[in-house]
Structures are given as structure tokens and as C-alpha cells.
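Engineer: For the protein sequence lines, the chains are A and B, in the order given. Quick note: the first sequence, position 137, residue 137 per this note's numbering, numbers continuous. Quick note: the second sequence, position 101, residue 1101 per this note's numbering, numbers continuous.
Hints were generated in silico from the structure; no laboratory data involved. For clarity, every value in this text was computed on a predicted model and none was experimentally measured. A few of these clues could be false.
Stated by the list, open to error - Only part of the chain B face toward chain A is listed, based on derived beta-carbon distances under 8 angstroms: (1) 1050; (2) 1051; (3) 1052; (4) 1091; (5) 1092; (6) 1129; (7) 1131; (8) 1169; (9) 1170; (10) 1173; (11) 1174; (12) 1176; (13) 1185; (14) 1187; (15) 1189; (16) 1190.
We treat Cβ as the ideally placed atom computed from N, Cα and C, and that holds for glycine.
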Amino acid sequence: MALQLSPELRKKFESLKQRYPRQRSALIPMLLFAQDELGCVPDQLVDYLADDLDLRRMEVEEVISYYSMLRRRPAGRYHLQVCTNVSCLLRGGKQILDQVQRHCGVPPKTATDDGLFSYEEVECIGACTGAPAMQVNYDYYENLTPQSLNELLDQLQLGNTPSPTRQTTDFLKQQKPHSAEVRVVGRRFGLRNSAALTTYLKHDGYQGLEKALKEMTPEQILEEVKRSNLRGRGGAGFPAGMKWGFVPKDTDKPKYIIANADESEPGTCKDRALMEHDPHQLIEGLVIAARVVNAHQGYIYIRGEYRYVMEILDRAIAEAYERNYLGKNILGSGFDFDLCTHTGAGAYECGEESALMESLEGKRGYPRIRPPFPAVVGLYGCPTVINNVETLSSVPAIILKGGEWYADLGSERNGGTRLFCISGHVNRPGLYELPMGFPLRRMIEEVAGGMRDGKKCKAVIPGGSSVPVLTADQLDTPMDFDSVAKAGSMLGSGAVIVMDEDTCMVEVAQRIAQFYAHESCGWCIPCREGTAWLRKVLDRFHSGGGRTQDIPLLKELAQNMLGKTFCPLGDAAAMPIISFVDKFRHEFEEHLRTGECPFSRDAAAVATPL
Amino acid sequence: MSETQNSVQLTVDGRAIDVPSGTLLIEACKSTGHEVPSFCYYPGLSLQAACRMCLVEIEKTPKLQTACTVVVQPGMIVRTETPQVAEARKNMLEFLLTNHPLDCPVCDKGGECELQDMVFRYGAAESRFVEEKEHQPEQQFSPIVYFDYPRCILCFRCVRVCDEAMDVKALGIGQRGVRTLIIPNRPDGTLECEECGMCIDICPVGALTSHQYRYKTRPWEMNYVGTPCAHCGDGCKTTLNVRNNQILRGNNRDMTGINGEFLCIKGRYAGDFTHHPERLRQPLLRRNGQLQPASWEEALGFVAQHLKEITKRSGPRTVGFLGSNRTTNEENYLLARFARTVVGTNNLDHHRTADFAALAGALHGEPVRYAASGDLSRASAILLVGNDPTHNHPLLAWNIRSAVRQHGAHLYIINSRRIKLRRQARQLVEIPSGKEAAAIEALHGAPTDISAATQQELATLRAALEKESDVIVLFGAEVFGSAVSRLVEFSRQLPGVTRYIALGDYANSRGAADMGLLPDRLPGYASLKDALTRKKWEQVWGAALPSEPGLHAKQMLGGNQLRALYVIGSNPVRTFGLPQTREALGELELLVVHELFLTETARLADVVLPAASAYEKDGTFTNTCGEVQRLKRALDPGAVRTDFEIIRLLSYAWGTPLPLRSSEAAFEEIRQHVRGYRVSQAQLVAGQAVRCAPTSGHAAADTPPGLVFSADDSLFTSGTLGRYSAALNSVSERDLPRSRL
């Protein structure tokens, strides 16, 4: 069977190949776009791409099998991807998965006989404040209930595709900001057509860039950002200004700037909203950052699941080119900068900056040996600045209103505001922009409307699933990097996952372990084997097969991983497990005592195979 | 010790050491005798830092660091034996063993397994893992390679050696996380590759095993004999793993040969021809038109009687000898001496696969201009004219790739085919087939009949070469006769010292030429026409030498001038493309063949004498670069005899016994009298490859066309021997076009 590609796809291929200094970079987008058209990646496509990009067949195969969105066998016309990660788990994600499973009646990733449906359990899709959620192909359906799911499936069965429901981001349009909120990066969220350039320009858009290009030297911009105390919003909280300062000035090599839009830390959905509602703010931030380090090419590496967001970004980029906010001689300043989006294809590990660069070069997303760090040897071996979307989106306001103004919004050494993604058992899950240092208790009780059904809060994950859990008696912690660290956890990505008294902490730990086992890239031994081992022990433990010695074993295994893995993913898997065992040991013991999950009526159904 | 600019002083486990700057900590530790364990670190391959076995403590660094990625820094204080380090190693091994099947009692690797050794040294006695292990059934990737998924520890050595060192990338990494596995490149789950077996050899555990060896024996039940490979002209050392007088596999884990750890499929698995069922085990004598078994006494008596009779009746000029590309130097020397002194003929030749004589002539007086195989991997610039080293010279191709990969060497290629080494080349000039000599003329700037575009490319190539220095020039059989001298004339004016390698096909192609299996040359390329030289050899051999050059191979085979033809270890009927009839060889009264198998030529013979293979005898081989190596007998030849013995016995039966009683005695005579062969016996005995450099001192006479040609064996063929290797015949790549590789 000969490979049939539409003329549009071939055109797309050609344009993708133009985007990068090395054609291989186009491989993953080409695979994904071709899969969208062909339903999967057939052998002929592997051969075609290997030939087209001058790669060996194996290099294409290796890439395909790494990324979870790419598949070699066709899925159904509607591929139902149900998230059961922590935020969704807390709000009925498993029941949604059960319902989908029953509806399809086939094994995961297998099309039904009529070819209409297939399904799989997926990891966090960035719909945490709209949980439980699933994606049908690229469309989001959030806040699902058994009834709404039934209706959706009925419609799909009839061949209708209902409009997506994007509770996570629509929420920002519908709700007025909470009185405690201080909207900086989110100040255009409620506006009509907030993503449009015209809207952006009416509301301070590109004024920071004009100021930066016309009134400031790159050194002055850098100083301003340093003054702002802006710290990386991806999770590590590294000062952005300092990171930019590491880029060597005297080099013949081209420099690159990358927006890390591979948002995948469970519980985190802020970058999705920032790009959907205010794409120009990110573009403006990128151009300013590029100016500082004198980079002339930028990429927005966006996770593959966020396809509609990428389309919004692509439109915004085209608008920005039309108005010369991108391209040659921007605003007459003599500064050139080109920007394009780049889609991932399903891999949490690619949020790690060096793995992201490998992925952007068209390879498996394995992290790189460091040093050298990306600021010196990054994309294509060249100096590269890479920042999270929220970090870069904060830059225009900092330039426009001053670093000091921004710093003063937050707490000491923690400048500005932060988009917190409050999910789980609260009355009003949502994205809220709050000053750094805002107390956790107020966040839950005031901003998010308090605990659902008047239940008590048992625990909070303050910064995405990779950080140690906090207990109810730690709710007075101010939410900034340093205070949360003092409380023994991390502010991470700003994903605040709130759990009530009925939550089984063993189950949450199990789900977290399942996630890291699924996302471990497999490069180094302690992470590859450790995440899988933790997951297996917790699966068994939660489903009633626990042994007394498993409790210390879990902790020791996690400690044996800690600090010894190639990249931080091993730590990310180990830290929460250690904290769950330490802080909720009694719940583990309770499981042992009763031989089943004390919180679940159907404990055995919890552990679903990967 | 003082710290110089190029050395760094650091402390490892309390001991101050000095190592060159840029050294990796793991190597620095090794140099002090503190072995830091590792699976994924492998010298020469890219760094992985994946196995985490080499974690060590470095003072002032909070976390343990991988010694394989840290470059030594002055004043660094390193501890490799602290409780924390020991604990980390133990933990890593515990993780590794979780999904390992622990099937050591039946695993091929048992007894030579790095994982076993590490667990023995650093591991915990018991496992805490009670979960179900990841499992997948074992897969046969190819007729050579098996993959046992559960045993794999994912060190990715195989993937890297296949990609980086072999430039094949037939193995890759599939899936991720704990499901990560090694995958082969064909969609049906099989391999399409060079079947070199490097992946198997480099595997620290029993995940990759060979069909030839698996489940046959235990490592401690075998004898290990290191000897030069019997196949191509590169002279790799292969350590034959022998049990019950049968070669089970070859490898070179001790890395002592010129090839380091490299071997191709032939060196590893194609020793199996020695026990092929069709192997000749007793002499055959034609009776009533049929070849029938005979005793050695009978067969040799028959040969001596008839050969002598024909020589007497029709004259020595009607007797011809065709020697072999795979017999030892001593055998070739003995044959030359027998033919010239006992029979008294110069009708002596062999299938010439490179024009070594022309090179020796062109290099007169400058023995240093021969490059050794190892020189290639350190070369800064290489010019390759003709040949396809990937297929014809796998070791030299490996060395060329490693020069390019590790030292940024510049490779220039002039070839009529788009050979695989083009991937490493800085410039490839494609020329029409047969235009190699013209291309060399074009390099000189002389007018030629090749296209203007190609001439332009050659001019560019020339300009690039003129900027290089110490170029190594390799040329195949396409370049012969005066073209060799023209190539040398061109390249000797390049900056630095240009050195050369003529690329001949088989294990002792070079030795055959060096020992004078040529109608117009005595051993060491001494010219027959030169009376002084002739006199020297007459003294050495104690007999008069015919002064008139003899017939060359083509004349012997097609000219109907011979009445007796004596063929040793070669198959001219096939090689020279003759019809498979006795008549095609002229009106021969006697055809004698020494062979391992009943080849097309042997089928036509009156007497076939079963000969021992290179693995069943002593002696020396000279590889295509001129490196002499000693053979070590790995197998008991049983009833067959070495060619040396046969010739010697024949001289007895003839009535003019040759005085050289043993291969050692013959080699001593070679050392004494063959120019360039005065090599160190001690080094040879120690198993080293010793360079020899015969130079004739006479410009080469032009070699007629049709005499020098390569059999152009692929990686999966090897002349007669290859036809009887089950391993070589089993691989599917054999039938693929070469351009696929």
C-alpha cells in the first residue's frame, strides 16, 4: 500500500522543515500531523520520513515509541483520553474512566469494532481546575459528570462533535477576579477577544517591548528583571534575570530562546490559560528576553495535547509578524527576531529543559549531561535561554511598570504574583492570580470558596505532584518559594491540590507513583526501576496486599532514588512518596489492619493497569 | 609531583595522583588502582551517566557525582570507598536486579557476566523485590543475534557501538521507563545490519547472545586461542573459543590484537567452515574418471611420480604453480622454493588482489611509507581510491570511522560506487567504473577522458589534499601497475609524510606477494632479472634458478602452455571465470589441488590433497598493511595435513628433500633473507603484529590488465571459505544490494 498524503499535509511538511536550522527538528511535528491525517504512523510513513529527513529508519522508530501520543496502530475515530491524575482522581476521574471503559468494551488503545471509539487512561492534561476531564482527540471536555459523559458519548455515537467545554480556561472569562487577586499576567483574562492583537494593543500591549527596544539597553532590561525578583514559574524558582546573565556574550554561535510550554506537572494548568487568553503577552516577553541575550530565533515548545492553544499562538504569531513585533528590524530598532511554535507529542520528561531541547532536535526526550548548562550549550549546541510561559509572560509588565513595582507585589526575594491552580476538594476550583506569599489557608477558604461539602481539609499538595505534601496543620504557610521550602515542601509550579478528610492518602500516593512510573524516560537505573517498583508496591498495598515491611520499604526505595538519578524526575517521584509515608503513616497502617482501603467502597477497582 | 600545565593533581582515597588534564574521574581512579564500577561507561563511546554505578564522593559537592562525567579538577578530593558510596552501589544493583531474571545457571554469560561480578563485589545478598517482574519472551533478531529482554540492564552499549562505532544504527531504544527495550531496525522485529556481533560482545550481561554459541557450553569449558582471522586481509586477532575440537565463536575481549575489540561477522562466527560436513578429510585420486579416496602415501607418490615425469619429458616450463591467498608465509615461501629450485620453473603466481609489487616498487628505498592498520585510526587525513573497505576491509573501515569520529580526520574518497564510507567523507568524487587510473592522472592535472565536471571535483579534491599533511593513501585493486606509481608520485609531494596501504582481499594476500608467488619476482620482490639478486637466492637455496620470468596466472590458465598445473588453496576456475571443464585449463596431463573443499577446480583435478586451515596450523600471516602475525593452532587437524607438510613430503617423494623441516625454520630463513622481514621474533611470539616493509629497490614493471583484481567479497562472503560457513550463509543481508548498508 502506497503512502497517501494530502497536498495540505505535504505543504505543512515543507513549512515545518523550513522552521529549523536542522531538518530533523521537524520530525516530531511531522509525525503528529501525519498521524492526525492517517490515524496512526504506518510503516510507510516511517520510511518516508526517514528518507525525507535523511535519517536512518531506526532514528524515526526510536522517536515514535518514546512519545505517548504517537501510535503505530490506528485508534478509533474518537479517541477518548481520560485523565485520572490526582486532580481528576479527587473529583471522580476513575469513575469517568470506568464509564468510558464500559462504553467501549475493548482493551485500551484499541478501536471498537465499528471503528468509532478507542480510549486510554492518560496523565494530567492540564484541565485540573476543570476536573474531571478528558480529551476526545484534541478537544477538551471538562467538569464531566456521569450524565454529561453519557450525553457526550451519545452525540459522538451519532457522529456529532459537541463544542468542547473548557472549564479551566472559560472560568477566567466568566468569573470576575476574586477580591484578593492581583492580576498582572492575568489582567486581560476577562476581556472579549483577549487573544486578539487589537485587544492586546488596547490594553498596554507591546508597550513594554517598545520601551525595551527604544529606551533601554539590553543591560538595563536585564537589571530591571533582576530587580523584579522574578523567579522561574516552571517549578524550580530560579531567578530569571540570573539565568539570562549566564548566556555568554562573546560567542560566534547563534543563540536561542525557548518558551517552555510543555506544562505537564500534575495539577498545573496555568500556562494553558495564559497562552489561550493572552498569547501576545508571551510573545512580547519572548522578544524582550531575546533582546537581552541577543537571540534571533525563538521556539515555543508546547505540549502536544494543547493543540488548540498552539493554533491560537500560531494566529497570534502571524499577527505579530504583520505588525512587525516579530521579524526583521522590529519596530525600527534594528533588532531581528523570529518565533514559531513547536509541538511535543506526549512526554512529561520533555518539561525538563535539556530533555526538551533533545526533543526539539527531533530525538527521544532524554535529559542531557550537565554541565554544560543550556545557557552555554543548549539547543543545537548553542547558548540557549529557556523559561516557563508564566515567567516570560511576566516580563512585559515588569518592563512597563518597573522591576521594583513588580517585586513589591510579592514577598521578600519572591517578586510579583503567581497564577495558582487550585484544584481538588474546594468549592471553586480555579486559576487565581495572587501575590507571592499569600497564605495557603486564605487561598483555600476565601479565594477557592472553602472546602467542598463542608468537609475538613486533610492535606494539600502545594506545588504540583512532585512536591512533598503538606498536612492540614501547615495551612498557615505563606505561598512563596522560601516559605514553602521552610515548611518542608516546594512551591513548584503553583498547582495547589486540596484534599479533604475522605481522601485516601495511599491512593493519592499510588496515583502519583503511577504517574512517575509512566513518565520516567528509562535512561537511568534508579529512576527507571525505582519508579516502577514504587508503583508496584503501592498498587499492591492499596488494593489490600500490603505487608508491614512495605511501609519502611517505600520510604527506603524513595530515599535510594533521591539525589542519585540522572535528572530531577527521580527526585520528583521520590519526594512525595517519602512525605506521604512520613505524614500519613497511620493511613498505611490502617490499610494493613483492615486489609482493604478504609476510604473506598470498591478498593479493588482502584489499581487499573497502566 | 609537580603540576605541569597539562596535568592535574587530585586526591583519590587519600592518595595524591597526577593525571593529564581533561581526564575523566573514572579513568583517573582506575589509574590509581581504585576501580570505580560502571556498566554504561565505555571508553570510546559517548557518555551516558545512566547506570549510576560510578557515583563517588567529591569533597565540597553536596550530592554523589558520576565519576564517568566529571572531568578532574586541580585539588579535587575524591572518595570512592565511603559507606555512602558503597550503599549507593548496593542500591543501584538492587534496582537493577528487580527485573533481572537471575537465570544465571542457564545464561550464556554466566561466568563472564559483568552484572554477576558487580553483585558479587558490591551487591546485597538478598532482594526485597516481591513484585512481578517485567517479562517478554526472547526474540531472534537475526540468524546471529538473539535478544533476551529480561536480562537487559539497558546500559545502551550495544546501541552506541552499533550507531557510533559501526555507523549502522540497526539497534535502537524503544518505549520508555521500565518498559524500555532494545529494538531492531526492521518493522518485522528483525535486524538488517552488518551482523558484526559487536553488540553481543559488548553486552555486559546475557541479553544479546549469538545463535552460534547460545546454550552450547560454559565459558570455563572452552580453550581460548588467539590467532589471526582466516578471512580478509586486515589480520584481526580473533580469540577462538574452542570445545571438543570445534570453534564455537571468536571474540577479542582482551583487546590485544591490532583490532582492539573489533571483529566482523567473519572473525566472530565464520570459523565454522572448519567443521563443515563437506570438508575434505582424505586425499582423492582420480581412478576411472572418478575422484576416489586414497591414502596419503599413494596420493603423494602419484603426484611426485607424474610431476617429475612431466617435468622431465616436457620441461619445467610446462609445469605451473598457483599459490594461495590464505596459506602461511612459510608455506608460500616453501612453495616458491619448491617450484623454482626442485621443479625449476618460474611459472608461479597467485590470484593477485592488490598490486603489492607495484607499491613495493613505487616506494623503493622508503619503507617508512607503509602505514599500519592502527595508523589509520590516528590519521589526520585519508585518501581512499577504489575498494569498499566496509565490505572488503571491515577493520580498516572501523579504523577510518574512528579517526573521523574521534579525531576529526578528513576522509577523501575517489570511487565508482557510493560506498558506505561516504558518510564519513569530507569529499567523495564519483568516477565511472574503471577510470581510477584516469582519475589519478587528473589529480596530476594531466588531460584525461573523464568528464569535465568530475575533473573539476578532482581539482577541488587535490586542492584540499594539498592543505592536509601526513595523508594515508589507500587503494584497491582498481589501481594497479603504473597507476600505483602515478598515485605515489602525486601523493608523495603532499605535505608531511604520506603513507600507503594497498588493499588486498585475503588473510595472506600480502604474504603471497611478499614471499614471491610471482613469475618475475623472488621473495621480497627481488627482481628475477637482476643477476646479483638471483645469485644471492641461489646461494640461500643452494640451487640454480631459472632466470627467465615465468608465466603469469592468466597465461598459465588460458595459454595451453602447461602440461601440469599445481594449485594450492585457490579456485582459479571460479576466480578467473573459466568454464568448469578440464579442457578449459588446456591440455593438462596433471592437475593437483590442495584444498579444504571440493571446489570447482578441485573437481577437475587428478589428485586432491586435503589441507589444513589457518586455524589448524602454525606459521605467520602478513596482513594487507604489512603487519606480520603468528598463527596459533586452535584445532587438531586430524587426518588432513598442512600445505607446508604436503610440499615437504612431496619434495621427499620427488627425491630432492627441502631442508626446511618446520614452519619455524622456514620463518627463520625468511627473516634472514627476505627484505623487510627481519622482524622481532620475541614480539611475534608475544602475539604482537610486527610491521614488515619489503621494498624492491626496482621500479615496478607495468602489470598487465586482468591480473590484479579483487574478488570483491562482501561482509558475508569470503572466497571458498565463506561458501562453507553456515553463519555467513545464514544471514539475510547476504542477498541485499550493498547500497542498503
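Engineer: Classify the hint on residue 1189(B) as holds or violated, based on whether any CB of chain A lies nearer than 8 angstroms to its CB.
Structural biologist: 11 angstroms, violated
Engineer: Holds or violated: is the Cβ of residue 1170(B) closer than 8 angstroms to a Cβ in chain A?
Structural biologist: 7 angstroms, holds
Engineer: With chain A as the partner, please determine if residue 1131(B) meets the hint condition of a C-beta pair closer than 8 angstroms.
Structural biologist: 4 angstroms, holds
Engineer: Taking the closest Cβ pair, is residue 1176(B) under 8 angstroms from chain A?
Structural biologist: 5 angstroms, holds
Engineer: Would you check whether residue 1051(B) satisfies its interface hint, that is, whether its CB is within less than 8 angstroms of any CB in chain A?
Structural biologist: 6 angstroms, holds
Engineer: With a cut-off of 8 angstroms, does the beta carbon of residue 1174(B) approach a beta carbon of chain A closely enough for the hint to hold?
Structural biologist: At about 4 angstroms, which falls below the 8 angstroms cut-off, the nearest Cβ of chain A leaves the hint on residue 1174(B) intact, so it holds.
Engineer: Minimum Cβ distance from residue 1187(B) to chain A below 8 angstroms?
Structural biologist: Residue 1187(B) check passes; min Cβ-Cβ to chain A is 5 angstroms, inside 8 angstroms.
Engineer: Using Cβ atoms only, decide whether residue 1050(B) comes closer than 8 angstroms to chain A, and label the hint accordingly.
Structural biologist: Holds. Min distance 5 angstroms.
Engineer: So, as I understand it, the hint says residue 1190(B) touches chain A; can you test that by seeing if any CB pair is closer than 8 angstroms?
Structural biologist: Since the shortest Cβ distance to chain A is 13 angstroms, the answer is violated.
Engineer: With chain A as the partner, please determine if residue 1185(B) meets the hint condition of a C-beta pair closer than 8 angstroms.
Structural biologist: It holds, given that the least Cβ distance between residue 1185(B) and chain A is near 4 angstroms, below 8 angstroms.
Engineer: Was the hint right that residue 1129(B) lines chain A, CB cutoff 8 angstroms?
Structural biologist: 7 angstroms, holds
Engineer: Verify the interface restraint on residue 1091(B): the C-beta must sit less than 8 angstroms from at least one C-beta of chain A.
Structural biologist: For residue 1091(B), the interface hint holds, since the closest Cβ of chain A sits about 4 angstroms away, which is under 8 angstroms.
Checked against the numbered hints given earlier, this structure breaks hints 15 and 16; the rest are met.
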